[in-house]
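Top to bottom, those sequences are chains A and B. For the first sequence, the residue numbers in this note's numbering are 1 to 655. For the second sequence, the residue numbers in this note's numbering are 1001 to 1158.
Incorrect hints may have been included.
Straight-line distance between alpha carbons at most 27 Å, and here's what the computed BS3-like set of lysine-lysine pairs gives [unchecked claim]:
no. : chain 1 : residue 1 : chain 2 : residue 2
1   : B       : Lys1096   : B       : Lys1109
2   : B       : Lys1042   : A       : Lys280
3   : A       : Lys486    : A       : Lys642
4   : B       : Lys1109   : A       : Lys189
5   : B       : Lys1067   : A       : Lys189
6   : A       : Lys189    : B       : Lys1119
Listed below are several chain A residues computed to face chain B (Cβ distance under 7 Å; list not exhaustive) [what the hints assert, rightly or not]:
no. : residue
7   : Ser191
8   : Ala217
9   : Asp224
10  : Tyr265
11  : Asp292
12  : Glu296
Quick caveat, the hints were computed from the structure, so don't treat them as lab data. C-beta: ideal position from N, C-alpha, C; glycine also.
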Amino acid sequence: MLRLENSTTELNQLKALLLSDELEQLKELESKLKSLDFDAQDDETIMQRVTPLFDTILLERLQHKDEKTLKTLSKYLAQIITETSKNDVSGLSKSLQSVISPAISKEIADNKDVMIDALYPIMGGMISKYVTQAIKEMMENINAKIEDGLSFDKYKRKLKSKVSGVSESELLLEESSDALISSLFVLQKESGLLIAEAHLEDQEIDDPHMVASMASAIKDFINDWIKSHKTQSEVQMLSYGNATLYIESAGSVYVIAFLDAEPDYEQRTQINTFFASVVKKYADFFQNFEGDDSVEEVQTLSQKMSEYLNTQKVDSKTEKNSKNPVKYFLYLMAFVLVGYLFYIFNAWYLKYSVERRVYERTGQTVHLSDKDGQIVVDGHVDSMQNFYEVEKIIQRTAPKKTLQNNLLLPMSNIDKIVTEQMSKNTSTSDSLENKLTLLENSFEQTTNNLNKKILALKTELTQSEDHLKEILRDTTGELERLKKEKRNIKKILEIKKEINTKLDKTFVGNKFYNKKTNALDFSKLNLFPEGDANYDAKAIRIVSQNFDKYMQILVGYKAYIKNITIEGHTDSSGIEDDNLLLSKSRALVVSYFIKRLSIVKQYYMKEYIQTKSFGSKNRVMLNGMEDKIASRRIEINFELEKSKILDKLKEMTDD
Amino acid sequence: MIRKKILLLGDFSVGKTSLVRRYVDGAFDDKYLTTIGVKISKKLFNIEGLESEMLIWDIEGSTPSKKISLGYYKGASGAIFVADISRRETVENIEKHKEIFLNENPNAKFVIAYNKSDKLSEIAQENIVLGDDIFLTSAKDDSNVEELFIKLMKEIVA
């Protein structure tokens, strides 16, 4: 019993240790339960009192993500949201916003790609819609501008729209900016070879020749595709991103422009005009182009295209400036103002400087004024000298202006002036006489000089004539030498021809004689078995008979013979190195045999006979197949010594 | 410098692309071959002091379902016809390729490459009849590839 009591105490102690929180909650609930006193209260009061308790428990379970609670709630969540949305949309939105916004932000940060993929179809459509709307609004604005504008450009645009059939809005858009041509290429249409190229500075491309060929291939590929769809047109524009290739086909070439955007109608017309000028000028060259880019035409064409590209830059700058009329007007006004001020200042300075200079030189005070573009001078001078001095000063300062001289001079000076003038005329006459004498002397001296020069020229002419005669003599000598050489060559050819004619006559109908090479050809004899240099006894007799006949002719020309060659050949079986050895053996065997023939000994021809081996290099082919028996053969031919013939001829000439 | 357009022609899988891949000085990506049926490479030559460049159009082998543009054949100065020596039909088809090519370019020069010679034994190689313009090549062993191209270029610039 005591033990039981002890164990109960221990159990309570253990409960107190492990379930301290729960016991505390239990006590709290007990006290609350006591205070409820359900029997004395109606259902509504009980509910009002119990509900906060359930709320607390539910909130606590949700905060701790209790699985059972969440599972139970999820069944009803959709229904609750639907119901709430019917009754209190704004309240629901407000509640959900605080939860959904951070959740979306976190999801985007964690899984960006997945979110983009999910949103793209919606966003793409949305963006497209807004962009379309924006363009529509822009076009409406442009249309409004067209209607409101009163400028000359408006009427020009209207006229252009009527002629070209392009709407005014599009033309206005086109006017906004031109695409920049960064490179120009001229390609030969058939081969795709690059004829010429030009680029803007820093816009050069690597391997332009390969790029040009590839562009040509792509164009061919697309053209084929177009034709397969029964369309007659050709591809003229290829775009990728911001890069555009504008291709114009003209005669035997394609001219290609690389642009940073698609060219508009006007720019295409400009490019085509330039292309046409190029094609017109170089049409013949293009047709005969054979891949050589070092020729002058390529250089000049590249230069022309570069100039066009650079002009384009200048045009674009000029165009930009011209598109600001206010700026342009202000520049004009400033220019006019500066010009006017300069004119006023210049007139004042002229008047001031002349009056000052006159005073300094003559001590007289005069007054200058401007009347109908003329300079009018008023005032008094005391002498005729000063009268002219004033005129001189004015004419020197303003030489292009007409002068009206209103200066007054005292009458007492007039007689003096007349006397001065007369003495002046006398001195002028003397001076003219002196000048005439000088001229006469000068003329005489010039005549003498001319005579000397004529003499020198005559001497030079005589020398040149002598020199020419000398050249003529040399040329005649050279001509004679050449004629002599020609005669010698002709003689050599005649000897060769003579020998060949005799050989042809001797061997007429002989199957072992090759009329084309004038050689003995034993390809039809089967002289050697396969892979062997031991000749057939019967066959070698045929060789010796024919060789004897051959030599009968050649010995008559021994003086001109350089050598007689025995050529050894094999078929293509086996390894070529072995074949070379075999052919050498065959040639040596035959050489050994024929050197023992009496005709060779009789005419001392032994040292003329030599051997050559060819292996299977010159094997005999018959209808595309090798004739192996014929390939295993011996050929005998001869060679003339030109120097020997010439020596002989010399001897004959000397004689 | 003189530049010439050269075609590389032959059946599928005879080794045309491999033949040039190790030999050329610059080339576009292989993807063009499958996309538009041609891939362009280049090779520089200096033959007896004369600088020249070959623009090599590696043309995809045609099949009944995929015809190759005849535009690619136009304006070529020469061609290399390639066959796989271990596949008899590819050797026989060279005549067809020659006919199409020479029909477009009657005055052009050509050479023939019996490729993949590394697949044959030495004896078998010796039994193949070759000519001045026929070469036994191997892209794998780099055998006779240079000789093939130089022979063609010499013929063209001669």
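To see whether the hints hold, each was checked on the structure:
Proposed proximity of B/Lys1096 and B/Lys1109 is supported: the alpha carbons are some 16 Å apart, at most 27 Å. For the hint linking B/Lys1042 to A/Lys280, the alpha-carbon distance of about 31 Å lies beyond 27 Å, and the restraint is violated. A C-alpha spacing of about 13 Å is found between A/Lys486 and A/Lys642, which places the hinted pair at or below 27 Å, so the restraint holds. The hinted pair formed by B/Lys1109 and A/Lys189 meets the criterion: a straight-line CA distance of about 20 Å does not exceed 27 Å.
A hinted pair counts as satisfied when its Cα atoms are at most 27 Å apart, and B/Lys1067 with A/Lys189 qualifies at roughly 21 Å. With a C-alpha separation of about 41 Å, the suggested pairing of A/Lys189 with B/Lys1119 is violated against the 27 Å cut-off. At its closest, the beta carbon of A/Ser191 sits 3 Å from a beta carbon of chain B; the interface hint therefore holds under the 7 Å criterion. Because the beta carbon of A/Ala217 sits about 5 Å from the nearest beta carbon in chain B, less than 7 Å, this interface hint is met.
The interface hint given for A/Asp224 is met, as the beta carbon of that residue sits about 4 Å from the closest beta carbon of chain B, less than 7 Å. Interface restraint check: A/Tyr265 against chain B, minimum CB-CB distance 29 Å, threshold 7 Å, status violated. The beta carbon of A/Asp292 comes within 5 Å of a beta carbon in chain B, closer than 7 Å, and the hint placing it at the interface holds. At its closest, the beta carbon of A/Glu296 sits 15 Å from a beta carbon of chain B; the interface hint therefore is violated under the 7 Å criterion.
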